[in-house]
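Asks: Assemble the whole structure, with the sequences as input and the hints as a guide.
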Amino acid sequence: MEIAYYPGCTLKTNAKEFEESTIEAFRKLGIELKELNKWYCCGTVYSLATDNLMYRLAAIRNLIKVKEEGYDKVVTLCSICYNTLKQANLMAQQDEEAMYKINSFMDEEPDYHGEVEVLHPLEILKGMEEKIKENVVNPLNKKYAVYYGCLLLRPKEVAIDEYENPSVMEKLVEMLGGSVVNFPFKNECCGAYNVVSDREAVVERCYRIVGNARKNGADAIVTSCPLCHFNLSEMQKEIKKTDFVGLPIYYFSQLMVEAFGGRKCKEK
Amino acid sequence: MSLLAKVEELSGENLYACYQCGKCSAGCPMVDQMDLLPNQVILYVIRNDESVVEAKTPWICAQCYQCGTRCPRNVDITKIMEALRLIKLRKNIDYLKIGKVKKNLPQIAVVSATRKYTG
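Top line first, the protein sequences correspond to chains A and B.
Numbers given in my numbering equal positions in the first sequence, counted from 1, plus 14.
Numbers given in my numbering equal positions in the second sequence, counted from 1, plus 595.
Keep in mind that the hints were calculated from the coordinates and are not lab data.
It is possible that part of the hints are untrue.
[As the list claims (entries may be wrong)] Which stretches of chain A does chain B cover? Using the computed rule of at least three CB atoms under 8 Å from a CB of chain B, they are:
{"hint": "1", "segment": "23-31"}
{"hint": "2", "segment": "167-176"}
{"hint": "3", "segment": "236-248"}
[What the hints assert, rightly or not] Capping the alpha-carbon separation at 27 Å, the derived lysine-lysine pairs in DSS-like fashion look like this:
{"hint": "4", "chain 1": "A", "residue 1": "115", "chain 2": "A", "residue 2": "157"}
{"hint": "5", "chain 1": "B", "residue 1": "651", "chain 2": "B", "residue 2": "698"}
{"hint": "6", "chain 1": "A", "residue 1": "251", "chain 2": "B", "residue 2": "686"}
{"hint": "7", "chain 1": "A", "residue 1": "26", "chain 2": "B", "residue 2": "698"}
{"hint": "8", "chain 1": "A", "residue 1": "79", "chain 2": "A", "residue 2": "48"}
{"hint": "9", "chain 1": "A", "residue 1": "145", "chain 2": "A", "residue 2": "251"}
{"hint": "10", "chain 1": "A", "residue 1": "157", "chain 2": "A", "residue 2": "52"}
{"hint": "11", "chain 1": "B", "residue 1": "618", "chain 2": "A", "residue 2": "254"}
{"hint": "12", "chain 1": "A", "residue 1": "280", "chain 2": "B", "residue 2": "686"}
{"hint": "13", "chain 1": "B", "residue 1": "697", "chain 2": "A", "residue 2": "30"}
{"hint": "14", "chain 1": "B", "residue 1": "697", "chain 2": "A", "residue 2": "254"}
{"hint": "15", "chain 1": "B", "residue 1": "686", "chain 2": "A", "residue 2": "115"}
{"hint": "16", "chain 1": "B", "residue 1": "692", "chain 2": "A", "residue 2": "115"}
{"hint": "17", "chain 1": "A", "residue 1": "251", "chain 2": "B", "residue 2": "692"}
{"hint": "18", "chain 1": "A", "residue 1": "251", "chain 2": "A", "residue 2": "156"}
{"hint": "19", "chain 1": "B", "residue 1": "695", "chain 2": "A", "residue 2": "254"}
{"hint": "20", "chain 1": "A", "residue 1": "170", "chain 2": "B", "residue 2": "618"}
{"hint": "21", "chain 1": "A", "residue 1": "42", "chain 2": "A", "residue 2": "26"}
{"hint": "22", "chain 1": "A", "residue 1": "255", "chain 2": "B", "residue 2": "695"}
{"hint": "23", "chain 1": "B", "residue 1": "618", "chain 2": "A", "residue 2": "251"}
{"hint": "24", "chain 1": "A", "residue 1": "147", "chain 2": "A", "residue 2": "48"}
{"hint": "25", "chain 1": "A", "residue 1": "140", "chain 2": "A", "residue 2": "115"}
{"hint": "26", "chain 1": "A", "residue 1": "87", "chain 2": "A", "residue 2": "52"}
It should be emphasised that the depicted structure is a prediction, and the values quoted were computed from it without experimental measurement.
A virtual CB, placed ideally from N, CA and C, is assigned to each residue, including glycine.
Replies: Okay, structure coming up:
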């Protein structure tokens, strides 16, 4: 099976290992993630003002590209891309007036009304329990704190799972032979792009999130968002509190590759 | 145009639906960095107290949607925070000074921050 893949900026730089491991793990499961021939920035963080359609054009333009290349589904890995594309797509399906304006503005491109389905890889993995289990040759045997962050779960209209108590990633970790610790911070925000403007606030978030995972006995944190990954791993270095002991942060796809017999996750 | 009218127009939200239960502030992950609680922000706007436009709270909000998702009155406070940011940004008053941005940040952080903190 082949599905269109939209990378976004960070998957080509900071989160290169997320892209590589996801493509490798999905290939093992018989799914080829085929990168779009042409793609643009997703528009980054969905604009919320009632009158700000301009900021939604980029997302719609990408969805038109997906359709033009002959696909009806697109997978994206980054949580911000996922959220932006999915919310824009929802608008395209529901808000006729907004789409009349957008389609008239982008008159060189074909009209769009939300025909494409935007998916996150974790949604695809939900129905593949048997296939995942039969590929495990190197069970994980570690304890993980699973961290979703915000944008895969909220607003609830675009959630990949039950938005207050998701379980798709926990189930995946268990299928791969790992165990899951209790982790009340799993659907809380990491501070996101505050790292650019109020870095200390994100260092504080990192202290609380990683500290709680460790208190609950985790050997590592598993996440699915490149920005969560950056904030939780890099900001650990800036925590000055003496009681803090860090944890390694992995993408769920890196665990899949390890369990499927590929490259092992780095210890630190 | 009053502050309340501006915020209602930009956000599309009915602020009078709020009955000040504080559930938004209880769930907000960034609340310990804020100068006004999210529920207080609504109260200030309803009273047309312009000092709320200068508050730190809307800029600390990371648009994680926790408040609006849990609101028992369906007030999407995330949109109200965006409206307050836009009142400044649309006057060309940026919150983020691009020259002061540190190096070695992922693109996704920098692009998101410029989208939310510059006009």
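Asks: Which hints from the list above does the structure break, by number from lowest to highest?
Replies: 4, 6, 9, 10, 11, 12, 16, 23 and 25
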